[in-house]
Structures are given as structure tokens and as C-alpha cells.
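Protein chains: 2
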Amino acid sequence: MTDGHGPVLGFVGGGQLARMSALAAAPMGVRVKVLAAPSDEGAAEVVPDVVVGRPDDPAALRSFAAQVDVLTIDHENVDHATWAELEADGVAVRPGVGTLRHSDKAFQRQEFAAAGLPVPDFLVVGADDPTAAAQVEEFAGRHGGRAVLKASRGGYDGRGVWVLDAAEAPGFLATYEGAPLVVEPLLPLEREVAVLVARRPSGEIAVWPVVETVQVDGMCDEVLAGGGEGATVLPPDLEAEALRVGARVAEVTGAVGVLAVELFVVDGAVVVNEIAPRVHNSGHLTIEGARTSQFEQHVRAVLDWPLGPTGLTAPYVVMRNVVGGASGDPRDRQALALAQVPEAHVHLYGKTSRPARKVGHVTVLGEDLDHCRARAQLAADLLAGD
Amino acid sequence: MTDGHGPVLGFVGGGQLARMSALAAAPMGVRVKVLAAPSDEGAAEVVPDVVVGRPDDPAALRSFAAQVDVLTIDHENVDHATWAELEADGVAVRPGVGTLRHSDKAFQRQEFAAAGLPVPDFLVVGADDPTAAAQVEEFAGRHGGRAVLKASRGGYDGRGVWVLDAAEAPGFLATYEGAPLVVEPLLPLEREVAVLVARRPSGEIAVWPVVETVQVDGMCDEVLAGGGEGATVLPPDLEAEALRVGARVAEVTGAVGVLAVELFVVDGAVVVNEIAPRVHNSGHLTIEGARTSQFEQHVRAVLDWPLGPTGLTAPYVVMRNVVGGASGDPRDRQALALAQVPEAHVHLYGKTSRPARKVGHVTVLGEDLDHCRARAQLAADLLAGD
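Top to bottom, those sequences are chains E and H.
Start counting at 1 in the first sequence, then tack on 743, and there's your number in our numbering.
Start counting at 1 in the second sequence, then tack on 743, and there's your number in our numbering.
Hints listed in this document are in silico derivations from the structure and should not be mistaken for laboratory results.
Owing to the predicted nature of the structure, the values given are computational and were not obtained by experimental measurement.
Misleading hints may appear alongside valid ones.
If you anchor each label on the Cβ, the simulated ranges turn out as follows [stated by the list, open to error]:
#, chain 1, residue 1, chain 2, residue 2, range
1, H, A857, E, P1098, 57 to 63 Å
2, E, L932, H, Q810, 47 to 53 Å
3, E, P1058, H, A1099, 42 to 48 Å
We put the CB at the ideal spot given by N, CA and C, even for glycine.
This is chain E alone, in the form it adopts within the complex:
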């Protein structure tokens, strides 16, 4: 059906991020291919051109790369060695391996500290370092007697994170096996916010207004944007600082495409919590809530096209995740939800519903934050059905 015009963009991984990106690429006349693992759900429902293969399989990755103009990612669990080889061979891998390496929390903390970016006090200890327990005890002792331990690789949505009293450290470390641990203080968080940044290979950067993220059990549950004068969820000086940190992280990591920077607000200042070198849950509200969505912007950025405006489309924008419930499937409940919340923007990812699994999100725009939050929650609850 295609006559070869327009770029071909390849997504490594076929989850909801590739799905929503493909839906944003299509209107611009960008053809999308997806390399999806057999277990992936989401993108295949909307992308005719799916290549089945594992993103951590070098041969699959090389073969896929040969079929596209630009390679990008749905998730960062790609084979770094192959990614680096492709990059060295001149393939447009965006983001590059230099950016992906920052998904390792230990590497990221060390790099960011060296670049002068605000990070929490931290310590990195290896799982088999005989002095690890003593180091953690000493660190916790300096920070109120407790510490947060994070696996430097492999954790997500609250997994791979442990909060320990100093006295628990030896027992924990005696049985821990895995990636080195980043040890940090248990910070008295005022709030958590995120900055979404898009960066082109040529260096152009676009930043959306800061959003507030509300976490439940370590998983993002709700995202809020907007707020009157200057459309900010933060005081103007802190908003400016957060945006500066976001843009600087994009530069330090050499990001191409969208990058999410999650920040803690502590004692009236921001420190970097985590980053994700890709489109991110905290940016889903940009689909209807910003003049250019994170998905469209990511496509434009990785193709090195000029970036779009990032202002909000309403005074307040609220997103709430739809999490699978114990019974039924949100794809059979849309009419029910829309009957009570007709203004909800419903997004379901084509994934089989299971308890605690993110299977969609809803976004509500409006003039009043509390009203938007209540409406988004009602729609999400009706979709989840519990």
C-alpha cells in the first residue's frame, strides 16, 4: 500500500509507549515498524508492520535496524553492546547508548554529581563487597538511622527498592544478589514532580511545563499539570529551576527524543530522582493537555524535525492511570465510564487486564484542579471496575 515516501521509524519494543507513539506518527505521514517480543501487547493492534523478535537479541536487533531509517525505543532494555555497534556503524539509534547507560542508577548518580546536577547524598555498594553492610550502616547513621537501597538496574514501578533501618542492613546484604546498590537517605519529600524534555540531534530542546506526580505503592497513579499564573504546579522560581535541571539532564546525557526527569522536592529545592530516556507515564497528559504531545514530539525529535510548542491547552490537566482490577476488562466498560464522565479522554492499551497492571489511562481537562481530579478518578475507577 505504501509507495516509499516519508521516513520509516522503528520502535524496539511493542508496548503502550510504542503504540501511542505510532498513533502520533501516523498523522504526520511517518511509517512505523515495531520489533516486538512475542509477549508484547499493545502496539500490534495499531501497527500493521510488526517484526516478532526479542529486543535483547543482537541478531534480531541488527536485522530490524536494516529495515528502518531511524531506530528508537519503547523501553530501555535493549542489548547495549549491539546498540553501541549499530551506533558505531552509523545507524541512527536514538537515543544513543551513551544516553541509555544512564538508566543504570549508579552510573547516573555518579555522572550527575560530577556534572553539578542536584542529586541526593548517595553511596554505591556492590552486592559482594564485604564492607557493604558497614558502609550502609554508617550512611544510615548519618541520615536518621534509615536508608533507601535501590538496585542500580532492573527495578521499575517500586520494585527493586528497599527501605531499611541501619540494623537491618547486614541481614539484607547477606542474602542480596544482583546489581550494585545505590544507597540514599529517606528524604522528607514535599512532593514529586517530573520534567519532560525533548531534544533533537541538532541540539534544539523543548520542555513542557512541570507536572506533579502522585505515587501510590511506588507506582505513578496520578499526574497533575497547570495552575494559574505561569501555568505551574510549583512556585515560579522552583519551576524555573526544575526546567533548568531537566534541560541540563538532556544535555549531560546527550538525549535524543523525549526524556523524562523525575524530581523530588525537598526543603524547597529539587533533586533528581530518576530519569527515563524515552516517553513516559508522566507525559501521557500531553496528548490532549499540551499543544504538542510527548509522542508527536518524540517522533519529531528522533527524526531531527523542528519541535512543536509545549504550552498547556487548558488551565488544569489531570491524568489517572487505569489499573487492571480483580474482575472484567476496561475495554468492556467504556460506555459505563463515558456515561458518567463524557469529557474523559480514555486511553486503553490493548493489554490483557490483570490486577496491578497498567492497562490504560484517562485524562481530564478543566478550569478547576479538584474537579478534574475527581472526574479523572471517577472515570478510572469505572473503567477498572472494582
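Got chain E; can you put chain H on it based on the hints?
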């Protein structure tokens, strides 16, 4: 990849309207199938589940109907007899054949006149009626010596329409073969506007603000929405009358899904020009310009789901079609266009570019109508490349 949850919506025809509808259906977790003729371009790039077959082939239509929960259309050139049979068999064909019959301009004029809807003075003559020429001459004589002749079926984008002096009628009719002709006065148009209406089987109706359509050579070139107090392109009383006529047309035709009603403004009043029982070019600006797009609303309406809000998202919204030029393809020019108009919402349909063929559109939102028009034109011109 799918586990059977959510409705399956079948589009008969695989052009850009099915394409944009599929892109709107996916976020809501609605699975889409398309019955596309081998020559169709557009939908197949974004819909994995395409059945190749001719929409005017009864067997193809019946087989396709058995695979979906609800049937709807990309264009109205479906086999009416089969459509009526499917409807009689209890298949959810939306719109039904009673609505599709109004695509026949002669039938539509007669029905609307009988229902008291405002239509121009008109006459219907058969191609082989021996008194046709005399009737047209008499009609033209009563209307300033000229008449507009429209083929009752088969015309689009200015084709199948002829403007004749009374004296030219006999010569024209001596060679004309085809569907009966609707004869109308050449009206002194003040402007052309359109009303988009969505209607559910249960009767719920939603109407978007009236838009102004700017035609060039009988083809829609530009669409404008918005305008200060009441967000109208018309004086408030005329806007209200246009909306009333639009909703009444939806009721009279028994429409289900989106219906476009094109109106002439003549002597400070509106008269119905044409209708299209489907999503329509005049509604493309609702994708970014309205709280619910015509494509999402169409999907919701044909599934009998509650309809969404239709307010504009900006003071002014302008859409301009991208028409194929003599050289090149717009899918190779996006970066060029976005460099000068980064705020443009670019929509390309995956169709091979040919002169005079609509291959995409751009939409620009803003605070100033003239500025939006200039920006949309610039983006469309840069994409067209001539």
C-alpha cells in the same frame, strides 16, 4: 495479540476517513477492521486488519459484516440493496440505508422540502424526460436566466455540477446521460458554512460550533472555526438557526454517527446545500480544535456510547487541505514545513501524491484568525511544494 475484549468496528472503505477514524478508535480500546478496495490507500498503513474487497460487492459486504460488531462507512458508495438486507437481518449498519438514500440529491431535496427544512427552490428532471429542456429554461427564466444543474448521484468535489444559461439547456440535455438532475438557482452566496452533528441510535445528539468552508473550484480548500463571543463564525441568531437545521437534518434522515450538513448563507438566512452521512472534510479541524474530534465522536455514536463535549480548544481554528502538487510528495517535506510553522498540526493520509488530489491537511490554532489562516496556508503550501 487480541484477547477478544472491546467492540470490533468495521469500516466499509479504506480511505483517509477510515484512517483517521481508526486512529481515534484505538485509544478507546476499540478494535477496527477495514473492508478496502484494492485501490484504496490510507487506512491500511494504520489498520493491521484489512480485508480486501469491493464495498459495492454484496458478497464481500456480507462476509465482512459477519466479522464485526458494528458496520460503518468511509464513503457512501456502498451497495444499498445489501446494506438494506443486512439492516433487515439485524446487523448494526450505521448509518442505515434510510440515511444513505439522502445522498441522492433529488431524494434529499424532496424529503427536506417535505419536512419543512430550508432548501433552495428546485426542480428534478430525468435525463430522458422530453420536457426537461423546457422545464430548465422556464426555471432559469424565473431565476435570472441561469440555473445550476447537479447530477443527483455520483458527484463530488465540484464534479457533476454545471452552471448553464437558459439557452444552453437544450444542448446540454441532448447529450446528458446519467442520474436525474436537480436544477437550482445560482444563489448569491454570502458564505458557505457547515454543521457537524453526531447522533446515537438512542437519539442523543451533539453538535459542534458552525464552521465556515472556503471552496476553490468546487472543492473545500479551507475551514474556519471560532470567533469571540459565543465562538461563532456567524451572527448568534444565524448560528443558532444553523445548529437547529443541522440537528433537524440528523433527525429527519435518521442519521447514526457523524453527519455533515453544508449550508449556504443567502440573504441572511441558511439553506441546505449538501449533506454527507459520515465524517467530513469540514470537520477535520475538530481533531485538535474541539474537545472531542468528529472521528472519536463518530466511533462513540455508532457504538451507541455517550457523546463527548464539542467546544473549541482555542479562540480560532483553521484547517487547510494539502493538495498534491506537480512535483514531489508532502511526506518528504514535513521538516521543511515544520521549520517555518512548528505549531502546525500536520495530517498526511498515506496516499500517493497527484495534482489536485487531497493528500492531507494542516490545522492551526490561535488567538487571531488572519494569523491562523496565513500560518495554515504557509504550512500547506510548503507541504504541497509548488
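Exercise. Any of the earlier hints contradicted here, and which numbers?
Worked result: none
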